[in-house]
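For the record, the sequence lines run as chains R and X. Read in order, the letters of the first sequence correspond to residues 1 to 283 in the working numbering. Read in order, the letters of the second sequence correspond to residues 284 to 560 in the working numbering.
Treat the hints as calculated values from the structure; they're not laboratory data. Since the model is a prediction, treat every value here as computed from it, not as a measurement. Check each hint, because a few of them may be wrong.
Derived pair list, reagent style DSS-like, types lysine-lysine, alpha-carbon separation capped at 30 Å [said to hold, decoys possible]: (1) X/Lys478 <-> R/Lys75; (2) R/Lys103 <-> X/Lys459; (3) R/Lys110 <-> X/Lys479; (4) R/Lys65 <-> R/Lys79; (5) R/Lys225 <-> X/Lys433; (6) R/Lys75 <-> X/Lys433; (7) X/Lys479 <-> R/Lys74; (8) X/Lys481 <-> R/Lys79; (9) X/Lys479 <-> R/Lys103; (10) X/Lys433 <-> R/Lys79; (11) R/Lys79 <-> R/Lys254; (12) R/Lys120 <-> X/Lys515; (13) R/Lys41 <-> X/Lys518; (14) X/Lys459 <-> R/Lys74; (15) X/Lys518 <-> X/Lys433; (16) R/Lys258 <-> R/Lys79; (17) X/Lys479 <-> R/Lys120; (18) X/Lys518 <-> R/Lys75; (19) X/Lys459 <-> R/Lys191; (20) X/Lys342 <-> R/Lys103; (21) R/Lys74 <-> X/Lys481; (22) R/Lys180 <-> R/Lys120; (23) X/Lys380 <-> R/Lys214; (24) X/Lys481 <-> R/Lys222; (25) R/Lys79 <-> X/Lys518.
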Amino acid sequence: MSIEVKDLSYVYSPGTPYAATALDHVDLTVSEGDFVGIIGKTGSGKSTFIQHLNALIRLQSGSIKVYDIDLTEKKPDLKRLRGTVGMVMQYPEYQLFDETVEKDVSYGPKNLGLSEEEIKGRVREAINLVGLDYEDVRDRSPFELSGGQKRRVAIAGVIAMRPRILILDEPTAGLDPRGKKEILALVKRLKETSSPTVIIISHDMDAVAENCDKVALFSGGKIEKVGAPREIFYDDELLLRAEMDVPTVVKIVKEMEKKGVTLGEKPVTRSEFLASVKRWRNG
Amino acid sequence: MDKVVFGQYYPTDSVIHRMDPRIKLLAIILYIVTVFFLVDYVMYAAIFLFVLTITFIAKIPFKVLLRTVRTIIFLVLITSIINLFFTTGEELWVEWKFIKIYREGVEHAIKLALRLILLMLFPSLLTLTTTPMELTDALESLMSPLKLIKIPVHAIALIMSIALRMIPILMEETNKIMLAQKARGADFDTGGALKKAKAMIPVLVPLFVGAFRRADELALAMDARCYSSVAKRTKYKVMKLTVKDLVASVVCLAVFSLVFLNKYLWGFDEMILALFK
């Protein structure tokens, strides 16, 4: 078990007129190798939830365990936790600060207290992993790169810490369709090579359906349902209640049903859809 | 946002909140002047009572108001101590080696501390009960006579409201960036002053870059909507004086007149002491 969250609740500014419940008795387990998609409306508690996993928000009530790190302890080993759980925030390119790409990417590993040599190796590896040419960009200022490149550098800064769990908050926000595709392909590649467990928050239902094998639907600070994409995206009553959109594939299947074509299957990805259409045609 | 900042708007449904911000602003100015005319302890107590009453009417917890004082507690202590030791007078109370404390010094120190706290309390009440937008509207309205001598009152008010609007945005941004760098293992809490200052660089650089980006975008957006500072503009919320504003003005004027009367005509402390004799 890589992450175990039990009965987690959180209230912002408790005891003031601004008090707002962000999380309300949330349970979730994530196993190593999972690709988890977290979906839900804005303000449903998604971001607050993932920030707990990295101890960016202090635990108010409930318990969280990340591998053997117990966050209910008074002083959990934060350094080890942040080396284990890599967090890529929304618009991570706005957090770049150093003079050169190499220096910026080495910020994380340096904070982990690694040796000079180790840092250098990791930085080179991370920059290459995100699809940039190390020799080409290492001495350039991160501020002179293009938007997509900046985001890659920012992700490299997290990857260089070699997290076993990678969390990304809306990694494709504000990108054009091609940039989105590239970043999603990158996340997939990272899952295969460096971080076996990935959690993404996304409003892009197609991306969630295509990539995730487990989906958690947040609504009003609660997890309404956890399950495989097809269990979530074909639960009409749930989606209506949580005011969630569905992947394009599901939309097409529903339209076909209206026209009297019943596939008899519940595809959520494009390839699944094509396969079921073929089967339907043949039989 | 996680923290409630001192002096930040504290929303409750009260008469004070609904008052015309112009009256509130004028009352504050008069109040600040008044505080410097306080003489007798009785009057200090009266003004404290006045402030507490308004806090009560405004339905603001005293705890919230006191929090605003905490930020100046050092200033209060230092100025009081300096006054205690360096004021000379006629009645010597303590003499030890080179330290001489006079009765006047003690009195000065106490009164100065009270004065500073009072100076902090009332204006905090203004920001706790008035939104920044109302404040700038009030300022613009009060300064409008200055338009006659070609002072760009509207532009000044606009700059103020943008600046005020940016404070929470920048704070949120700072918060976000700090979280992001913390996620990358940054440590803002331990180490000496130098190490702490150095740890802030990864926060400040993105913050400034972001602030310039925002300013640029805002200017562009305003331009795109043909914003002009000379055009005649209407307001969403029109300020109007009502009966409660009149009542508030009368009460304030009465309280403040009392202070001036005390300063120039009546000595309340002596009166009370005379009563006990």
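Quick rundown of the hints versus the structure:
1. Taken as a hint, the lysine 478 of chain X and lysine 75 of chain R pair is honoured in the structure, with Cα atoms around 22 Å apart against an allowance of 30 Å.
2. Between lysine 103 of chain R and lysine 459 of chain X the CA atoms are separated by roughly 21 Å; this keeps the pair inside 30 Å, and the hint holds.
3. Simply put, lysine 110 of chain R and lysine 479 of chain X have alpha-carbon atoms about 16 Å apart, close enough for the 30 Å limit, and the pair holds.
4. Pair hint lysine 65 of chain R plus lysine 79 of chain R holds up; C-alpha atoms about 15 Å apart against a cutoff of 30 Å.
5. Our distance criterion of 30 Å between C-alpha atoms is broken by lysine 225 of chain R and lysine 433 of chain X, whose separation comes to about 64 Å.
6. With a C-alpha separation of about 61 Å, the suggested pairing of lysine 75 of chain R with lysine 433 of chain X is violated against the 30 Å cut-off.
7. Annotation: proposed proximity of lysine 479 of chain X to lysine 74 of chain R holds, straight-line Cα distance about 23 Å (limit 30 Å).
8. Taken as a hint, the lysine 481 of chain X and lysine 79 of chain R pair is honoured in the structure, with Cα atoms around 19 Å apart against an allowance of 30 Å.
9. Restraint check: the Cα-Cα separation between lysine 479 of chain X and lysine 103 of chain R comes to about 19 Å, which is no more than 30 Å; the hinted pair holds.
10. Between lysine 433 of chain X and lysine 79 of chain R, the direct Cα distance comes to roughly 59 Å. Violation of the 30 Å bound is thereby established for this hinted pair.
11. Pair hint lysine 79 of chain R plus lysine 254 of chain R does not hold up; C-alpha atoms about 48 Å apart against a cutoff of 30 Å.
12. Distance check on the hinted pair: lysine 120 of chain R and lysine 515 of chain X sit about 61 Å apart at the alpha-carbon level, beyond 30 Å; violated.
13. Pair hint lysine 41 of chain R plus lysine 518 of chain X does not hold up; C-alpha atoms about 33 Å apart against a cutoff of 30 Å.
14. Between the alpha carbons of lysine 459 of chain X and lysine 74 of chain R the distance comes to roughly 24 Å, so the proposed pair stays at or under 30 Å and holds.
15. Distance check on the hinted pair: lysine 518 of chain X and lysine 433 of chain X sit about 22 Å apart at the alpha-carbon level, within 30 Å; holds.
16. Under the criterion of a C-alpha separation no larger than 30 Å, the hint pairing lysine 258 of chain R with lysine 79 of chain R is inconsistent with the structure, at around 54 Å.
17. Distance hint between lysine 479 of chain X and lysine 120 of chain R is fulfilled; the C-alpha atoms sit about 25 Å from each other, no more than 30 Å.
18. Among the hinted pairs, lysine 518 of chain X with lysine 75 of chain R is inconsistent with the structure: their alpha-carbon atoms are about 53 Å apart, more than 30 Å.
19. Restraint check for lysine 459 of chain X and lysine 191 of chain R: the C-alpha separation of about 26 Å stays at or below 30 Å, so the hint holds.
20. Our distance criterion of 30 Å between C-alpha atoms is broken by lysine 342 of chain X and lysine 103 of chain R, whose separation comes to about 52 Å.
21. The hinted pair formed by lysine 74 of chain R and lysine 481 of chain X meets the criterion: a straight-line CA distance of about 27 Å does not exceed 30 Å.
22. At roughly 29 Å between alpha-carbon atoms, lysine 180 of chain R and lysine 120 of chain R fall within 30 Å of each other, so this suggested pair holds.
23. Simply put, lysine 380 of chain X and lysine 214 of chain R have alpha-carbon atoms about 78 Å apart, too far for the 30 Å limit, and the pair is violated.
24. Distance check on the hinted pair: lysine 481 of chain X and lysine 222 of chain R sit about 40 Å apart at the alpha-carbon level, beyond 30 Å; violated.
25. Proposed proximity of lysine 79 of chain R and lysine 518 of chain X is contradicted: the alpha carbons are some 52 Å apart, above 30 Å.
When held up to the earlier numbered hints, the structure conflicts with 5, 6, 10, 11, 12, 13, 16, 18, 20, 23, 24, 25 and fits the remainder.
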